[in-house]
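Trainee: All chains should be built: construct the whole structure from the sequences, respecting the hints.
Number of protein chains: 4
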Amino acid sequence: NARFSLIAGPCQMESRDHAFMVAGTLKELCGDLGIGLVYKSSFDKANRTSLSGKRGIGLEKALQIFSDLKKEFGFPVLTDIHTEEQCGLVAPAVDILQIPAFLCRQTDLLIAAARTGRTINVKKGQFLAPWDMKNVQAKFTASGNPNVLLCERGVSFGYNTLVSDMRSLPIMAAMGSPVVFDATHSVQQPGGQGGSSGGQREFVETLARAAVAVGVAGLFIETHEDPDNAPSDGPNMVPLKDMRRLLEKLLALDAVAKSA
Amino acid sequence: NARFSLIAGPCQMESRDHAFMVAGTLKELCGDLGIGLVYKSSFDKANRTSLSGKRGIGLEKALQIFSDLKKEFGFPVLTDIHTEEQCGLVAPAVDILQIPAFLCRQTDLLIAAARTGRTINVKKGQFLAPWDMKNVQAKFTASGNPNVLLCERGVSFGYNTLVSDMRSLPIMAAMGSPVVFDATHSVQQPGGQGGSSGGQREFVETLARAAVAVGVAGLFIETHEDPDNAPSDGPNMVPLKDMRRLLEKLLALDAVAKSA
Amino acid sequence: NARFSLIAGPCQMESRDHAFMVAGTLKELCGDLGIGLVYKSSFDKANRTSLSGKRGIGLEKALQIFSDLKKEFGFPVLTDIHTEEQCGLVAPAVDILQIPAFLCRQTDLLIAAARTGRTINVKKGQFLAPWDMKNVQAKFTASGNPNVLLCERGVSFGYNTLVSDMRSLPIMAAMGSPVVFDATHSVQQPGGQGGSSGGQREFVETLARAAVAVGVAGLFIETHEDPDNAPSDGPNMVPLKDMRRLLEKLLALDAVAKSA
Amino acid sequence: NARFSLIAGPCQMESRDHAFMVAGTLKELCGDLGIGLVYKSSFDKANRTSLSGKRGIGLEKALQIFSDLKKEFGFPVLTDIHTEEQCGLVAPAVDILQIPAFLCRQTDLLIAAARTGRTINVKKGQFLAPWDMKNVQAKFTASGNPNVLLCERGVSFGYNTLVSDMRSLPIMAAMGSPVVFDATHSVQQPGGQGGSSGGQREFVETLARAAVAVGVAGLFIETHEDPDNAPSDGPNMVPLKDMRRLLEKLLALDAVAKSA
Chain A
1 NARFSLIAGP CQMESRDHAF MVAGTLKELC GDLGIGLVYK SSFDKANRTS LSGKRGIGLE
61 KALQIFSDLK KEFGFPVLTD IHTEEQCGLV APAVDILQIP AFLCRQTDLL IAAARTGRTI
121 NVKKGQFLAP WDMKNVQAKF TASGNPNVLL CERGVSFGYN TLVSDMRSLP IMAAMGSPVV
181 FDATHSVQQP GGQGGSSGGQ REFVETLARA AVAVGVAGLF IETHEDPDNA PSDGPNMVPL
241 KDMRRLLEKL LALDAVAKSA
Chain B
1 NARFSLIAGP CQMESRDHAF MVAGTLKELC GDLGIGLVYK SSFDKANRTS LSGKRGIGLE
61 KALQIFSDLK KEFGFPVLTD IHTEEQCGLV APAVDILQIP AFLCRQTDLL IAAARTGRTI
121 NVKKGQFLAP WDMKNVQAKF TASGNPNVLL CERGVSFGYN TLVSDMRSLP IMAAMGSPVV
181 FDATHSVQQP GGQGGSSGGQ REFVETLARA AVAVGVAGLF IETHEDPDNA PSDGPNMVPL
241 KDMRRLLEKL LALDAVAKSA
Chain C
1 NARFSLIAGP CQMESRDHAF MVAGTLKELC GDLGIGLVYK SSFDKANRTS LSGKRGIGLE
61 KALQIFSDLK KEFGFPVLTD IHTEEQCGLV APAVDILQIP AFLCRQTDLL IAAARTGRTI
121 NVKKGQFLAP WDMKNVQAKF TASGNPNVLL CERGVSFGYN TLVSDMRSLP IMAAMGSPVV
181 FDATHSVQQP GGQGGSSGGQ REFVETLARA AVAVGVAGLF IETHEDPDNA PSDGPNMVPL
241 KDMRRLLEKL LALDAVAKSA
Chain D
1 NARFSLIAGP CQMESRDHAF MVAGTLKELC GDLGIGLVYK SSFDKANRTS LSGKRGIGLE
61 KALQIFSDLK KEFGFPVLTD IHTEEQCGLV APAVDILQIP AFLCRQTDLL IAAARTGRTI
121 NVKKGQFLAP WDMKNVQAKF TASGNPNVLL CERGVSFGYN TLVSDMRSLP IMAAMGSPVV
181 FDATHSVQQP GGQGGSSGGQ REFVETLARA AVAVGVAGLF IETHEDPDNA PSDGPNMVPL
241 KDMRRLLEKL LALDAVAKSA
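Residue numbers (the working numbering), protein chains in the order written: chain A, 1 to 260; chain B, 1 to 260; chain C, 1 to 260; chain D, 1 to 260.
Worth flagging that the hints you see were computed from the coordinates, not collected in a lab. No residue lacks a Cβ here, since even glycine has one placed at the ideal position from N, Cα and C.
Here's a subset of chain D near chain A, in silico, CB distances under 7 Å, partners left out: (1) Ala46; (2) Asn47; (3) Thr49; (4) Ser50; (5) Leu51; (6) Phe102; (7) Arg105; (8) Gln106; (9) Thr107; (10) Ala129; (11) Asn135; (12) Lys139; (13) Ala142; (14) Ser156; (15) Tyr159; (16) Asn160.
Straight-line distance between alpha carbons at most 25 Å, and here's what the computed SDA-like set of lysine to any residue pairs gives: (17) Lys258/C <-> Gly215/D; (18) Lys54/D <-> Gly198/D; (19) Lys45/B <-> Thr116/C.
Residues from chain D that keep clear of chain B, each with C-beta distances beyond 10 Å, as calculated: (20) Asn1; (21) Leu59; (22) Ala93; (23) Pro146.
Mentor: Encoded structure:
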């Protein structure tokens with residue numbers, strides 16, 4: 001019943017300077033608030049809506065920056081991988097490997113990720129029921145790696161819309177793994193802008209409050225100092241300057257949610 | 001930003017003794033906790049899944065009992081109506097008229113309810129988007145009655161399942177009416193037991209916590225001393241003996257949700 | 001395995017002249033094609049999205065026009081009713097009473113309709129699974145009226161959208177009642193235009209072809225000589241001048257669908 | 001407006017003997033009926049619900065058998081690939097590369113498949129709107145390969161259920177690529193059997209009829225001589241002995257659907 005940890009950072013790793021700027025801000029904020037921070041960024045956006053979406057700075061550069069961030073700030077880092085080959089390459093540089101939602105049923109990828117021994121954050125597919133995650137979890141544990149985080153990020157609801165079913169949080173918690181709520185992808189509107197996904201930033205707090213009140217081990221929130229000009233997921237990222245107020249409210253709810 | 005009010009009671013009015021027993025328990029509980037109580041029961045279950053479902057004790061008996069309850073306990077009472085004719089008959093005996101979700105688009109019923117001058121609690125249809133409630137609300141206000149509560153009770157999600165989209169709470173609040181979250185019908189599984197609707201009582205607290213953390217003016221919770229033997233909605237009602245612990249947790253969340 | 005019958009007409013009864021014009025056109029067309037015609041119009045649109053939507057010409061006028069239409073053209077007529085009282089008033093003048101989808105669970109209305117002895121066309125609620133219609137059907141049969149048509153008109157799919165699940169046709173046919181496919185309401189976009197429902201007229205043929213190929217006893221198609229200026233349901237009605245070509249194609253599919 | 005082609009075969013390549021048996025039967029059947037046949041089998045089921053699901057006979061063996069099948073029967077063959085590396089290995093031995101639905105947004109995989117120059121059959125993700133496939137299609141064409149088939153296989157509808165929206169067929173056809181309807185995966189119930197996916201074989205004909213009547217360039221139907229004992233997708237495969245009757249009916253509908 002510890003307070004929630006925070007997985008946060010900009011959607012994409014944009015540059016060393018940008019990463020250090022955001023990381024430093026989050027590090028200080030989480031230090032002030034007493035929240036455990038996992039720094040998150042993607043080195044590659046492998047499943048952009050359209051071909052013209054920006055992909056990221058690439059594996060090699062990113063791994064070096066992750067190492068440097070860890071050295072500077074001492075926090076664990078998380079990134080998402082998309083192929084079996086990436087698992088071995090990325091694992092030494094990061095603490096948590098993330099399986100994207102679209103890929104949560106790709107057995108070989110899951111096994112390869114499990115075998116690195118790293119903690120895995122696996123996002124629930126938009127096409128899955130919460131109880132289906134038991135089979136996903138079992139692919140990791142049967143591969144010898146029980147360190148799995150189960151992450152809710154919304155379920156398909158008609159076209160170009162996700163809905164967050166808060167029942168999924170206790171259902172997945174009953175599987176024995178820590179449950180993370182991804183508050184920024186849950187407000188995505190997949191494909192909602194034609195050539196890219198839309199988002200409803202204004203509902204991040206709504207869904208995060210709800211999830212924390214139900215009880216989660218972790219919160220996943222992508223953040224950016226200027227979301228409207230971010231290379232990906234701008235419509236759903238939280239402005240960096242709004243994070244303190246948001247987290248303070250969520251911490252207060254978390255304390256009540258987890259009190260006897 | 002006052003604390004939430006509670007609309008509670010057994011789904012059906014079963015008998016005078018039963019009504020007084022549940023009402024007395026709720027009155028004492030809400031007095032202890034400092035919660036405003038609206039006592040709710042239906043005199044007729046007009047839309048049972050099958051013809052063999054129990055319908056209720058009828059209008060005349062119920063109105064007398066409502067009057068007696070009000071005299072004894074001093075709380076306002078709420079009941080649902082299903083026809084224009086019932087509006088005029090029922091309004092003198094109750095404080096809030098409720099429009100069932102299936103009927104929230106029946107213009108004549110809405111107008112008749114509005115014209116009684118009573119406060120209206122209108123449930124959002126399982127087939128409506130939150131923003132569609134603006135048209136529903138307008139049917140009341142244009143009929144001269146702005147005293148409307150907008151009530152979320154889940155939206156159709158595939159077959160025999162509802163999902164609670166917490167975004168609906170701020171969307172409806174922005175319409176200027178108090179928003180109520182119906183925590184027991186939101187866990188219904190419509191038609192889920194073949195000849196009757198099922199329910200997931202175990203998720204009432206999950207959804208109620210989420211809604212309160214987002215912020216609501218009212219909570220709607222049906223309760224019964226022995227839900228498994230209740231004549232309707234047993235699978236989703238909360239045992240009367242569990243209400244105190246549930247409300248205490250929700251009150252604590254409410255205080256945080258509404259603090260500056 | 002007879003060919004499908006057609007339930008068709010303008011959504012609203014607009015005037016005597018308009019009714020006779022559309023009815024005459026449909027009568028001639030169906031005579032040419034050898035299709036059984038049931039003429040449909042509503043005398044009241046009781047569940048418009050907003051209060052400003054046009055309601056119809058009213059009960060009394062409509063009943064007289066229905067009688068005159070029957071005398072002139074000899075076809076059966078269908079209209080929808082919304083209250084128990086209307087059942088007795090309307091039944092003498094029409095051949096088929098229709099229960100609107102939103103009202104398909106209102107027990108008293110169903111019983112009142114059943115007791116008129118008229119054939120009932122009951123639309124499947126947008127919030128129901130196909131198998132749930134067994135309970136709806138049973139409310140009629142248990143009331144002594146087995147003459148029930150079960151009508152598919154789409155199921156809620158996210159917000160402001162319906163989807164037509166063609167599996168519902170054989171599922172409902174297995175209940176022993178003739179199944180009707182409503183091709184024009186199935187392309188509605190409920191509330192999709194803010195203050196009124198939108199529609200996708202361009203997909204009426206798509207869904208009608210699909211339903212006929214699966215096999216239906218009846219097709220329900222609203223039609224108008226100028227849908228864009230019709231008082232209701234314009235976005236989903238089929239232009240009267242397009243009906244011949246549409247029906248010819250559907251008849252050809254029907255013949256194949258029902259051949260040994 | 002040619003008649004539909006058929007993509008068919010057992011879900012998994014089980015053995016050389018089994019492949020030749022099924023292929024021979026389908027070859028003869030399609031020859032009799034004058035249908036173009038593409039033989040389909042998977043060499044690897046990379047996204048089984050659970051780890052204990054059978055995976056297939058592997059790449060090397062399968063490629064040899066595909067070559068032998070092509071030599072013996074002269075038909076084109078199709079198989080699905082799951083990684084970029086597989087694209088180059090598999091392409092020489094097959095005529096059509098298939099992108100699984102879960103992977104339809106993985107940009108690198110799409111590009112790698114496109115660059116083989118093979119025709120691509122890409123399945124619409126269960127989480128995508130039909131119009132979102134335009135971005136998927138563009139990833140192929142922008143990579144220099146316009147030979148794309150767009151395949152409908154159902155969209156998420158609540159939990160553990162898919163629904164087939166027949167509007168997707170004309171929407172995708174308007175993108176200029178041939179549209180294929182996958183009649184056997186469309187009746188899947190993802191995760192519906194706990195550790196594996198369920199299926200509703202009894203509705204394959206329903207959905208195939210509907211799709212053909214709307215108009216498709218191709219039909220995708222998995223078939224097996226003993227589906228109940230097949231290593232994967234048994235619940236939704238069509239018994240081989242039922243294929244003739246099914247295809248005869250579909251051909252007759254196709255002829256009508258495509259006539260002037």
